[in-house]
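Enquirer: Residues per chain are reported as follows:
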Amino acid sequence: MKKGILSAQFTRRLILVVLAYVIVQLLISVNIINDYLQATLTTICINIILAVSLNLITGFTGQFSLGHAGFMSIGAYTCALLILKDPTMPNFLLGTLLGSLLAALVGFLVGLPTLRLRGDYLAIATLGMAEIIRIMFINMDKITNGPRGLSGIPRFVNWTWLFIFTVGTVLLIRNFLRSSHGRACIAIREDEIAAEAMGINTTWYKVLAFVIGAFCAGIAGALYASYFYFIKPDLFGFLKSVDILVMVVLGGLGSISGSILAAILLAVISTLLQSFSEIRMILYALILIVIMIFRPQGLLGSKEISLSVFNRLGRLFAFEKEEK
Amino acid sequence: MEQLLQQIVNGISLGSIYALIALGYTMVYGIIKLINFAHCDVYMIGAYVGYVCMAKLGLGFFPSLLASMLVCTLLGVVIEKIAYKPLRNATRITALITAIGVSLFLEYTTMFFASADVRTYPPMTGFMAKTFKMGDVVISAQQILIALITVILMVLLQLIVKKTRIGKAMRAVSLDKDAAELMGIDVDSTISFTFALGSALAGAAGILVGVYYNSINPLMGVLPGLKAFVAAVFGGIGIIPGAMLGGYVIGIIEVFVAGLGYSMYRDAVVFAILILILIVRPAGLLGKNTGEKV
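Residue numbers (the working numbering), protein chains in the order written: chain Z, 1 to 324; chain X, 325 to 618.
None of these hints come from the bench; they were simulated from the model. The C-beta atom is built at its ideal place from N, Cα and C for all residues, glycine as well. Mixed in with the good hints there might be a few duds.
What the hints assert, rightly or not - Looking from chain X toward chain Z, a few residues come up when the C-beta cut is under 8 Å (computed):
{"#": "1", "residue": "GLY425"}
{"#": "2", "residue": "LEU428"}
{"#": "3", "residue": "THR433"}
{"#": "4", "residue": "GLN467"}
{"#": "5", "residue": "ILE468"}
{"#": "6", "residue": "LYS492"}
{"#": "7", "residue": "PHE580"}
{"#": "8", "residue": "PHE595"}
{"#": "9", "residue": "LEU598"}
Stated by the list, open to error - Ranges of calculated distance between the beta carbons of each label pair, as one might list FRET restraints:
{"#": "10", "chain 1": "X", "residue 1": "GLY583", "chain 2": "Z", "residue 2": "SER151", "range": "30 to 36 Å"}
{"#": "11", "chain 1": "Z", "residue 1": "GLN25", "chain 2": "X", "residue 2": "THR415", "range": "56 to 62 Å"}
{"#": "12", "chain 1": "X", "residue 1": "THR488", "chain 2": "Z", "residue 2": "ARG118", "range": "15 to 21 Å"}
{"#": "13", "chain 1": "Z", "residue 1": "THR203", "chain 2": "X", "residue 2": "THR488", "range": "56 to 62 Å"}
{"#": "14", "chain 1": "X", "residue 1": "PRO447", "chain 2": "Z", "residue 2": "MET89", "range": "44 to 50 Å"}
{"#": "15", "chain 1": "Z", "residue 1": "PHE294", "chain 2": "X", "residue 2": "ARG495", "range": "31 to 37 Å"}
Can you build the whole structure from these sequences, using the hints too?
Expert: In structure tokens:
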């Protein structure tokens, strides 16, 4: 009986997801979503991947990272260099995979020693790490073309790939959080000492969350590189990390649907304010301050909206069935 | 040998500025356990106030120095009252994110009003434009001025912290806030005073950088701010002499890395030092290792 309900819920979700994909694909093919809107759509998807993956590290595991843009840049550069050499579709996928693996590896190497640090020390250490990565890219002149960056990167990313990667990332992180590993991560956020006393290997889980987050940031970087033609080290500086952090904080530390909402909201705001970049940043800053003072848990806190909506819908459907 | 001495002279000038900024970081961290990201932008505002005083109002160096210290003091207190005071009992991450917010706000508001263009200080005249040669080592009057002002300010700070009543209150609050409150110390005004002191030093650093490097922009605070923070961690965060020591050491290391021909890597080296220090000796050079309280 229970299994039946679950699978019904699963089918409903599957239908919704496929529907979302098909509708947008249709809108693109009849050109209602033009190139300009498509760029916004891409930004939204990349933002979602970045925000959800940082939320895993900061919101769910409670490890404050200010270096997410560093991981993103590793994915971006790896993928860009591979497809610049040989622009084929398999190479793009290989580049995305390699880039994310490399980002995950760096995340592991950095995380292992620094995750012993707490709170603001960890924040500063990750910030330093991201800066070091950026400076390395600036200085590897022969490979990365230094501060001028790489341009003319072939575009392989379309709506289909964006959709697959975004949904894949969200599902990966959501399912991770629902597993016993994810529960362990949340326990670490709530109280690290108590978690350790309960027999949770806190270092292992902190590094695990960090590595998964870095992996997903690598994917986002690869998608970015292959959509926007052009990358340079300065795109992945401290400000980009703050950008991602704003999304996570705005949506709610510990809420996946919150991150998704905030990612969409901020992408739309920044597209609208594109020509007033200073006002955009002032607005960002004010959002951060006001939210922290008046609603430090973020818009959604640690609640998930989609789930309750789905459940309510589900109950509604079930009710109708019984009535029949 | 001359080269070495020259590098040390340059390193001390740079280090003085880091030390002045680091003092603000370390005092605020010592008292409310907050990395005040906005501190580096107070320093930037200091440089801009100096620019307005010297280039637009035509004031001399010392009146401008005082003006920029005064404005920064006010700014520091206002930031504390508006942004940090409501968060006194919030988690540290909340306070840290607020600090980033304040920092971005100051940077981009400045950019909005003063534009992102690089501004140059008016050229120095008279004594300030002189350079002195000792053998092959060249010392400019500005470098002497920076070193002197830094030392004077540090001595003043030490006197305030060690000899005055408010300094005693600062030390008490940083040791144990609750106990200090029970003893009748006004914790809020003590914290405000700490912000005021730190911001005044940052303002001084700002105008000194303007005079020394001759160019300022709204984002000039970010990198020196981070490095000053590294300096504070290096010396042991919360310890005032540690910040001075850390500032000089980081300044000299940076100049030496640049002098050896790796100037592109000078920032990376500083951050590598930070990560190394955090891993090997998180309490810093002068800090005592305290056991973690459960």
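Enquirer: Would you pick out the hints that fail for this structure and give their numbers low to high?
Expert: Violated hints (numbers, rising): 4, 5, 6, 7, 11, 12, 13 and 14; every other hint is consistent with the structure.
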